Amino acid sequence: MLEAAFYGDDFTGSTDALLQFERCGLRSVLLVELPPADELRDLATRYDVIGVAGIARSLAPHEQEAEIRPILIALRDLDPRIVQYKICSTADSSPRLGSIGRALEVGRSVFGPAVVPVLAAQPELGRYTVFSHHFAAEAGTIHRLDRQPTMANHPATPTTEADLRVHLAAQTALEIGALHLTSYADLPNHYPHPTADAVILDALSETDLHLLGQTLIASSNGRPTFAIGSGGLSRALALNLAPTPPTPSAATLPSAPLGPATGPTQGLVVSGSQSARTRQQIEYAVNAGWLSLELHDPTSVRRTAVAALRDGTPGVVVHTGERTTQPIHNRVNSLGKALAEVTRAVVEEANVRRVLIAGGDTSGHIVRNFGVRTLELVTATNDFGPGTALCRLTSPHRPINGLEVLLKGGQMGTPDLFETFRTQTSATAAAQTSAQPTEGIPRQPPANGR
Numbered sequence: 026m027l028e029a030a031f032y033g034d035d036f037t038g039s040t041d042a043l044l045q046f047e048r049c050g051l052r053s054v055l056l057v058e059l060p061p062a063d064e065l066r067d068l069a070t071r072y073d074v075i076g077v078a079g080i081a082r083s084l085a086p087h088e089q090e091a092e093i094r095p096i097l098i099a100l101r102d103l104d105p106r107i108v109q110y111k112i113c114s115t116a117d118s119s120p121r122l123g124s125i126g127r128a129l130e131v132g133r134s135v136f137g138p139a140v141v142p143v144l145a146a147q148p149e150l151g152r153y154t155v156f157s158h159h160f161a162a163e164a165g166t167i168h169r170l171d172r173q174p175t176m177a178n179h180p181a182t183p184t185t186e187a188d189l190r191v192h193l194a195a196q197t198a199l200e201i202g203a204l205h206l207t208s209y210a211d212l213p214n215h216y217p218h219p220t221a222d223a224v225i226l227d228a229l230s231e232t233d234l235h236l237l238g239q240t241l242i243a244s245s246n247g248r249p250t251f252a253i254g255s256g257g258l259s260r261a262l263a264l265n266l267a268p269t270p271p272t273p274s275a276a277t278l279p280s281a282p283l284g285p286a287t288g289p290t291q292g293l294v295v296s297g298s299q300s301a302r303t304r305q306q307i308e309y310a311v312n313a314g315w316l317s318l319e320l321h322d323p324t325s326v327r328r329t330a331v332a333a334l335r336d337g338t339p340g341v342v343v344h345t346g347e348r349t350t351q352p353i354h355n356r357v358n359s360l361g362k363a364l365a366e367v368t369r370a371v372v373e374e375a376n377v378r379r380v381l382i383a384g385g386d387t388s389g390h391i392v393r394n395f396g397v398r399t400l401e402l403v404t405a406t407n408d409f410g411p412g413t414a415l416c417r418l419t420s421p422h423r424p425i426n427g428l429e430v431l432l433k434g435g436q437m438g439t440p441d442l443f444e445t446f447r448t449q450t451s452a453t454a455a456a457q458t459s460a461q462p463t464e465g466i467p468r469q470p471p472a473n474g475r
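Numbering follows our numbering, in which position 185 of the sequence shown is assigned residue number 210; successive positions increment by one, without gaps.
These aren't lab readings, by the way, just hints derived from the structure by calculation. It is possible that part of the hints are untrue.
[Said to hold, decoys possible] List of simulated lysine to any residue pairs, SDA-like, C-alpha gap at most 25 Å:
| # | residue 1 | residue 2 |
| --- | --- | --- |
| 1 | Lys362 | Asp322 |
| 2 | Lys362 | Glu401 |
| 3 | Lys362 | Asn394 |
| 4 | Lys362 | Leu320 |
[As the list claims (entries may be wrong)] Derived Cβ-Cβ restraints for the label pairs, each shown as a range:
| # | residue 1 | residue 2 | range |
| --- | --- | --- | --- |
| 5 | Pro95 | Leu212 | 31 to 37 Å |
| 6 | Arg66 | Ala332 | 45 to 51 Å |
| 7 | Asn376 | Val191 | 48 to 54 Å |
| 8 | Asp102 | Gly346 | 41 to 47 Å |
| 9 | Gly346 | Asn312 | 15 to 21 Å |
Just so we're clear, the structure is a prediction, and the values are computed from it rather than from any experiment. We put the CB at the ideal spot given by N, CA and C, even for glycine.
Whenever a hint applies, use it, and build me the whole structure from the sequences.
This is the structure we're talking about:
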């Protein structure tokens with residue numbers, strides 16, 4: 026039985042949602058595009074959660090609607106309890122790009138005029154909402170969202186307002202209400218908001234997430250509920266949909282963790298991110314002996330990267346540098362395609378089986394250009410830190426099929442992430458070099474006999 030479904034407005038966020046459901050024991054699969062209707066219905070009988078990874082965060086509103094409407098309709102028709110529109114926990118959006126307001130409008134037109142809950146908080150990542158004002162940690166300090174260094178200066182969607190009611194009101198004419206922590210002692214009697222079209226939900230802790238998920242599921246009227254939120258919302262739902270619900274404070278369920286590599290390993294990172302954290306990670310890798318290549322001439326970069334890996338260089342980072350002069354929409358499309366072409370060639374010529382892709386917007390364009398069909402988790406533990414998930418790709422293209430990828434948002438990960446990624450390996454890594462998974466949609470039985 027399908028419990029939940031989601032559309033992720035970028036690929037890194039989609040893998041985060043996938044992880045939140047899997048770590049609570051819900052068998053989940055992430056699709057890159059919708060398969061034929063009969064195949065999708067078949068998947069719904071074998072998985073607890075189906076997600077679709079998208080690129081709406083980098084699209085103008087009319088393009089965004091064209092992408093998400095048919096997907097939301099298809100997910101609705103599978104009749105899960107909840108369909109989530111997965112957003113970033115920093116609420117990245119604007120009236121012109123990745124509009125959460127437009128997603129709200131499309132969702133209400135597809136699912137009906139019920140109140141739409143909006144939960145952006147994700148305490149695990151240092152993202153909190155209090156009295157509708159959103160806060161995000163950076164470098165150990167919690168900032169109001171409009172004063173957080175990265176989001177206040179974001180190249181695509183700079184944040185000028187921390188009150189999520191005001192933030193969304195700039196993107197839609199629908200009425201935005203709120204429920205605050207002060208009402209949570211009696212939350213079932215306050216939810217849903219009686220008059221608003223959407224309601225901003227506060228959250229400071231995992232306990233808040235558990236309560237919110239419980240309330241959202243209990244308030245369902247027998248039809249799929251549409252909700253908007255971050256990986257915090259995914260976690261809130263998973264805590265209450267799990268076959269054996271974990272305690273609210275449980276960080277993860279036991280799973281086969283990654284361990285140190287058993288032999289010489291090399292790393293390949295491709296990055297379209299321009300965040301300060303990603304630059305810090307590149308600098309750390311270079312100091313550890315990695316080669317840094319800025320993507321000026323793709324052919325030259327490919328040749329240099331392959332030669333370096335064949336010569337035993339610990340790792341190579343292919344990145345886009347400080348390219349902020351092009352319009353963001355054009356830059357993401359063009360650079361995503363170029364990075365995908367370089368990555369595919371390096372993977373094939375240097376026999377690379379694991380790749381880290383940095384950048385929420387560009388990662389989607391890169392993976393789509395790979396011709397990937399699905400992503401499934403390698404492990405349900407977040408060995409590389411909160412907000413990251415190691416996945417295995419299925420694709421009809423032999424160099425890509427079976428490739429393990431870690432998709433990382435710009436602000437995610439510790440400074441040594443790239444080195445950690447290089448020196449840790451999955452339990453199946455050795456087998457993957459000699460045997461790749463069957464191409465196409467994976468054929469997995471449903472969890473717990475469902």
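Do the hints match the structure? See the list:
1. Between the alpha carbons of Lys362 and Asp322 the distance comes to roughly 13 Å, so the proposed pair stays at or under 25 Å and holds.
2. At most 25 Å may separate the alpha-carbon atoms for a hinted pair to count; Lys362 and Glu401 meet this at roughly 23 Å.
3. Taken as a hint, the Lys362 and Asn394 pair is honoured in the structure, with Cα atoms around 6 Å apart against an allowance of 25 Å.
4. At most 25 Å may separate the alpha-carbon atoms for a hinted pair to count; Lys362 and Leu320 meet this at roughly 12 Å.
5. Evaluation of the 31 to 37 Å hint for Pro95 and Leu212 yields a pass: the beta carbon distance comes to about 34 Å.
6. Distance hint for Arg66 and Ala332: a CB-CB separation of about 48 Å, consistent with the stated range 45 to 51 Å.
7. With their beta carbons about 51 Å apart, Asn376 and Val191 fall inside the hinted range of 48 to 54 Å.
8. A beta carbon spacing of about 44 Å between Asp102 and Gly346 agrees with the range 41 to 47 Å that was offered as a hint.
9. A hinted range of 15 to 21 Å holds for the C-beta pair Gly346 and Asn312, which are about 18 Å apart.
The structure agrees with every numbered hint stated previously.
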